[in-house]
Amino acid sequence: MEIKFVLNGKEVAADISPSIRLLDLLREKFELTGTKEGCGVGECGACTVLMNGKAVNSCLVLAAQVNNSEILTIEGITNGEELHPLQKNFLLNGAVQCGFCSPGMVLSSYALLEENPNPTDEEIKDAIAGNLCRCTGYKQIIDAVKQTAKELKVEVKV
Amino acid sequence: MSKDFSIVGKSVIREDGFEKITGRAKFADDYKFDGMLFSVMLRVPATHAKINSVDFSAIQNNPSVASIITSQDIPGAKKIGMIKNDQPVFCDEKIVTPGDVLAMIVGEDETELRKLLTKIKVDYTSLPTLTDPKKSLDPDALLIHPEFGSNLIVHHPLRKGNVEKGFAESDEILERVYTTQTIEHAYIEPEAVIAIPLEDGALKVIGSIQNPFTVRRIVASVLNLPNEKVQVVQAQLGGSFGGKDDTMCMLSARAAVAALKLNRSVKIRYTRDESILESYKRHPYILKYKVGFSKIGKINAMKIDLLADGGAYCSMSPFVTWRSVVQATGPYEIENVQTDVRAVYTNNPYTGAMRGFGSPQPIFAQETLMDEIALHIGVTPDEIRRRNGLKLGSVTATGQTLKEHDVNLIPVLNKAVSFTNFAEKWKENKKNQTGLKEYSFDQPIFKDEQFISSEKLIKKGIGLAVSFRGCSLGAEGLDQSSCYISVQPDGKVVMLSGLAENGQGLRMTLLMAAAEELGVTADKIIFLENDTSKIEDSGPTVASRGTIMGAAAAKNAAELLRKQLEKVAREVSKLDETDFISFRENLVFSRKKGMIAKFDDVIKAAFENKVELSAIGRYKSPDVSWDEHTGQGDAYFTYVYGCQVAEVSVNTGTGEVYLNKITAVHDPGTVINRLGAIGQVYGGVTQGAGYGILEEVTNEDGMIRELNFDQYLIPTAKDIDEIKPLFLEGNEKYGAWGAKSLGEPTLELGAAAIANAVCNALGKRFYNLPLNLEEVLLGRKLRPQDLKRGSL
Ligand code: FES
Ligand code: FES
Numbered sequence: 001m002e003i004k005f006v007l008n009g010k011e012v013a014a015d016i017s018p019s020i021r022l023l024d025l026l027r028e029k030f031e032l033t034g035t036k037e038g039c040g041v042g043e044c045g046a047c048t049v050l051m052n053g054k055a056v057n058s059c060l061v062l063a064a065q066v067n068n069s070e071i072l073t074i075e076g077i078t079n080g081e082e083l084h085p086l087q088k089n090f091l092l093n094g095a096v097q098c099g100f101c102s103p104g105m106v107l108s109s110y111a112l113l114e115e116n117p118n119p120t121d122e123e124i125k126d127a128i129a130g131n132l133c134r135c136t137g138y139k140q141i142i143d144a145v146k147q148t149a150k151e152l153k154v155e156v157k158v
Numbered sequence: 001m002s003k004d005f006s007i008v009g010k011s012v013i014r015e016d017g018f019e020k021i022t023g024r025a026k027f028a029d030d031y032k033f034d035g036m037l038f039s040v041m042l043r044v045p046a047t048h049a050k051i052n053s054v055d056f057s058a059i060q061n062n063p064s065v066a067s068i069i070t071s072q073d074i075p076g077a078k079k080i081g082m083i084k085n086d087q088p089v090f091c092d093e094k095i096v097t098p099g100d101v102l103a104m105i106v107g108e109d110e111t112e113l114r115k116l117l118t119k120i121k122v123d124y125t126s127l128p129t130l131t132d133p134k135k136s137l138d139p140d141a142l143l144i145h146p147e148f149g150s151n152l153i154v155h156h157p158l159r160k161g162n163v164e165k166g167f168a169e170s171d172e173i174l175e176r177v178y179t180t181q182t183i184e185h186a187y188i189e190p191e192a193v194i195a196i197p198l199e200d201g202a203l204k205v206i207g208s209i210q211n212p213f214t215v216r217r218i219v220a221s222v223l224n225l226p227n228e229k230v231q232v233v234q235a236q237l238g239g240s241f242g243g244k245d246d247t248m249c250m251l252s253a254r255a256a257v258a259a260l261k262l263n264r265s266v267k268i269r270y271t272r273d274e275s276i277l278e279s280y281k282r283h284p285y286i287l288k289y290k291v292g293f294s295k296i297g298k299i300n301a302m303k304i305d306l307l308a309d310g311g312a313y314c315s316m317s318p319f320v321t322w323r324s325v326v327q328a329t330g331p332y333e334i335e336n337v338q339t340d341v342r343a344v345y346t347n348n349p350y351t352g353a354m355r356g357f358g359s360p361q362p363i364f365a366q367e368t369l370m371d372e373i374a375l376h377i378g379v380t381p382d383e384i385r386r387r388n389g390l391k392l393g394s395v396t397a398t399g400q401t402l403k404e405h406d407v408n409l410i411p412v413l414n415k416a417v418s419f420t421n422f423a424e425k426w427k428e429n430k431k432n433q434t435g436l437k438e439y440s441f442d443q444p445i446f447k448d449e450q451f452i453s454s455e456k457l458i459k460k461g462i463g464l465a466v467s468f469r470g471c472s473l474g475a476e477g478l479d480q481s482s483c484y485i486s487v488q489p490d491g492k493v494v495m496l497s498g499l500a501e502n503g504q505g506l507r508m509t510l511l512m513a514a515a516e517e518l519g520v521t522a523d524k525i526i527f528l529e530n531d532t533s534k535i536e537d538s539g540p541t542v543a544s545r546g547t548i549m550g551a552a553a554a555k556n557a558a559e560l561l562r563k564q565l566e567k568v569a570r571e572v573s574k575l576d577e578t579d580f581i582s583f584r585e586n587l588v589f590s591r592k593k594g595m596i597a598k599f600d601d602v603i604k605a606a607f608e609n610k611v612e613l614s615a616i617g618r619y620k621s622p623d624v625s626w627d628e629h630t631g632q633g634d635a636y637f638t639y640v641y642g643c644q645v646a647e648v649s650v651n652t653g654t655g656e657v658y659l660n661k662i663t664a665v666h667d668p669g670t671v672i673n674r675l676g677a678i679g680q681v682y683g684g685v686t687q688g689a690g691y692g693i694l695e696e697v698t699n700e701d702g703m704i705r706e707l708n709f710d711q712y713l714i715p716t717a718k719d720i721d722e723i724k725p726l727f728l729e730g731n732e733k734y735g736a737w738g739a740k741s742l743g744e745p746t747l748e749l750g751a752a753a754i755a756n757a758v759c760n761a762l763g764k765r766f767y768n769l770p771l772n773l774e775e776v777l778l779g780r781k782l783r784p785q786d787l788k789r790g791s792l
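Those protein sequence lines, which keep their order, are chains A and B.
The first sequence begins at 1 in this note's numbering and counts up one residue at a time.
The second sequence begins at 1 in this note's numbering and counts up one residue at a time.
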């Protein structure tokens with residue numbers, strides 16, 4: 001079947017078999033390999049992307065479901081060679097070790113800040129509770145999100 | 001220690017960070033090659049079975065199947081192993097554990113291949129199983145590998161002094177039995193590898209590989225090729241923690257056999273289920289301790305008997321259990337010690353290397369035992385450790401005198417105790433201790449008002465644990481490393497280490513060591529892709545040896561190079577012999593004249609004068625010694641020390657343990673990258689907490705129950721409130737400026753500290769990990785078969 005959707009700000013179309021997952025569509029058809037597969041059952045969050053602004057596990061979404069929607073992946077967060085403040089703060093805070101969970105973590109945090117620019121620690125933890133990380137112990141990730149929220153707030157004020 | 005560093009000890013962003021945070025970093029499954037095929041594994045749903053026949057006729061002519069690969073296709077070794085070659089690449093006669101693979105089918109469409117697997121008819125006869133390690137050594141036990149004549153993988157004895165005499169002289173004796181569980185590494189990236197045929201029958205392997213040199217050796221042996229025909233490249237590694245070693249050797253070998261047979265690239269990638277099914281795990285231990293001590297708590301004698309379940313294959317069991325035998329008493333000076341550590345075969349999933357490597361198990365036992373001793377003689381847990389702890393000049397259980405480094409056990413303990421106000425909190429909690437709510441079938445655990453205010457049910461606890469840990473491999477293996485460094489004419493520096501990055505940030509640490517020594521900024525150095533064809537084998541990145549061995553080699557390489565450049569600078573700037581030259585942050589200084597040149601100018605001059613601009617630095621470990629019969633010797637050339645304090649809240653109604661704060665004090669020697677070091681603490685503490693209260697791989701007659709993250713629970717962002725890392729950087733003469741180890745010590749203490757904290761809250765002691773709800777509330781684990789009992 002033929003689907004159309006907006007992928008990282010560009011209109012795209014694809015001819016897909018109805019059974020494939022959004023994760024496979026992104027990784028295989030569009031070669032956007034920043035989206036990772038860690039479990040395939042919606043538990044690890046490595047495959048997180050934004051669908052119409054909401055964080056979803058792309059291993060649980062059928063490609064057919066994204067027809068007419070907007071999808072944002074890690075590749076769409078970066079502006080050319082310029083990092084998004086979240087990405088920059090992930091690096092500054094040491095929130096990346098092996099980096100396998102990082103794209104998903106960034107997208108879950110991105111969705112949070114879009115919805116709630118002023119999150120508490122608890123709200124940050126809730127937002128990334130569906131993203132497993134085996135390396136970092138999460139603390140530096142939480143710090144990175146906090147710092148980003150602070151910076152973005154300052155920018156808005158100015 | 002005040003050293004005047006320009007970069008060492010600072011927080012520096014890792015050099016691969018940009019690639020990773022933008023999603024551009026290539027992990028193994030992100031590689032694709034023209035004409036690449038996939039390969040999927042054939043298994044049978046059995047634990048122990050004789051394979052009578054495999055009938056491929058239903059799929060043989062299927063157009064989706066490019067080839068069927070069986071053990072007949074292996075040109076070389078059909079069995080492989082880290083230490084003992086006991087693991088068949090393909091099991092065509094018999095399987096001894098459910099992860100075993102009989103054959104593979106290869107083709108373009110992976111999904112289709114997985115469907116076709118079900119059409120292959122395997123005729124097999126299930127055999128009796130051996131899943132209880134306690135029965136492995138019974139005279140009538142079935143043999144997992146009959147060719148070895150016994151299920152014993154290894155036995156490490158240790159004898160120091162005379163334990164019987166020590167017990168006779170003791171005022172009190174305690175005897176305890178502990179158990180620890182099997183756990184999974186749970187790296188978030190599942191295994192993946194691609195084998196690519198090259199010209200002249202050579203082959204390249206790219207994969208999620210922890211130790212490229214080990215993979216090269218094993219692939220070469222299976223293909224019957226010389227080492228140089230196999231090139232192994234590590235993709236970005238999505239976590240390993242000791243886990244992507246044996247399994248990746250196996251997967252690489254299988255992919256390589258198929259790739260050579262078909263002369264096409266072949267990829268194997270595991271689903272999470274397959275990963276948990278086939279990959280090795282952390283050893284579960286049964287630990288028996290008998291300890292004799294005086295009225296004031298001085299330990300006279302300790303008799304220790306440890307049994308490790310090695311599962312179906314030997315893997316790293318002999319080395320894992322060797323660390324246990326060295327460290328089993330904990331960091332205490334005890335005159336009389338008798339330790340026996342055995343690892344045995346069973347039909348369970350096999351067990352091997354995992355961060356901690358034979359230390360978290362005895363630490364759980366021995367550190368909770370220390371708390372019991374403290375209670376017996378009526379002192380606080382920190383005091384009992386002070387009375388027995390290792391100090392400069394102490395003699396360990398292996399007869400090694402600790403000298404030539406800061407023996408910082410008591411300092412890390414004191415720092416942790418005063419920072420957390422430990423003793424006071426411990427006494428206060430002990431006063432407020434209550435037991436768990438009584439639990440019976442006709443009386444609900446909760447009364448209504450308790451639902452409303454559950455605060456009454458919450459009890460606070462604080463507990464600590466300390467450890468010493470031998471750095472690097474010790475007497476368990478050959479210990480050396482190399483680093484290559486060279487400067488391009490434009491002043492850019494490239495370097496390459498024989499030690500592989502595991503995701504923890506090792507490359508950045510090595511890069512910083514080289515930058516410091518060479519006097520350049522970190523952004524001037526480019527780290528080359530790890531490749532077995534380009535640098536000497538430096539041994540594996542295991543045993544927290546990356547920094548101590550790798551940074552030392554990097555520093556040595558940079559030093560050789562800098563000496564060359566010094567000569568050039570001296571000549572160009574016409575300095576006299578007595579002047580002193582130093583390199584710092586891309587500039588060159590003379591003591592007499594101040595700044596004399598830019599680094600790049602010196603390079604240019606060196607290049608024009610045809611001065612050699614590359615160097616290979618090496619580091620080999622100082623001598624160690626070991627007597628296998630007595631377990632005596634200088635086991636490791638140096639040690640690190642740590643103390644962790646856990647503060648918990650326990651719900652006395654549900655048994656839930658909540659981790660409020662973990663304070664981790666470690667002496668890793670000199671810290672190189674502070675950002676990375678802190679990350680190691682956060683990550684290690686979190687894994688240790690998972691081991692303490694959450695994680696367990698269970699099996700029913702060998703079949704694993706928890707095959708994905710919906711069943712196998714690892715800590716999430718919500719499981720620990722606060723972690724506080726503190727470093728106490730002791731002096732050390734080995735390594736680069738005395739930089740030692742950190743990765744593993746951070747993980748090994750948590751479970752013991754938490755168990756002691758829970759006991760402080762409830763007044764009840766726990767002997768079995770993990771301290772999950774059932775263990776805390778009921779004192780035993782609930783298993784699905786418990787529920788079945790009535791219906792059978
Ligand atoms: S791969 Fe989608 S949640 Fe794990
Ligand atoms: S950084 Fe490795 S899983 Fe998160």
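Source of the hints: derived by calculation from the structure; they are not laboratory data.
On a predicted model such as this, the values are computed, not experimentally measured, just so you know.
Built from N, CA and C at the ideal position, the CB exists for glycine as well.
Please note: incorrect hints may appear among the correct ones.
As the list claims (entries may be wrong) - The list that follows gives simulated cross-link-like pairs (lysine to aspartate or glutamate, EDC-like), each with its CA atoms no further than 16 Å apart:
hint, chain 1, residue 1, chain 2, residue 2
1, B, K718, A, E28
2, B, K26, A, D121
3, A, K29, B, D34
4, A, K29, B, D30
5, A, K88, B, E656
6, B, K26, A, E28
7, A, K125, B, D719
8, A, K88, B, D16
9, B, K10, B, D523
10, A, K29, B, D109
11, A, K125, B, E335
12, A, K88, B, E722
13, B, K460, B, E428
14, B, K593, B, E559
15, B, K718, A, D24
16, B, K724, A, D143
17, B, K718, A, E31
18, B, K574, B, D601
19, B, K718, A, E75
20, B, K165, B, D16
21, B, K32, A, E31
22, B, K78, B, D55
23, B, K718, A, E122
24, B, K456, B, E722
25, B, K204, B, E404
26, B, K298, B, D171
27, B, K26, A, E31
28, B, K460, B, D601
29, A, K125, B, D601
30, B, K32, A, E122
31, B, K32, A, D143
32, B, K50, B, E93
As the list claims (entries may be wrong) - Derived, one-sided and incomplete: chain B residues facing chain A with beta-carbon distance under 10 Å:
hint, residue
33, F241
34, R269
35, N609
36, E612
37, L613
38, S614
39, T716
40, A717
**Asked** Against which earlier hints does the structure fall short, listed by number upward?
**Response** 1, 2, 5, 11, 12, 14, 15, 17, 19, 20, 22, 24, 25, 28, 29, 30, 31, 35, 36, 37, 38
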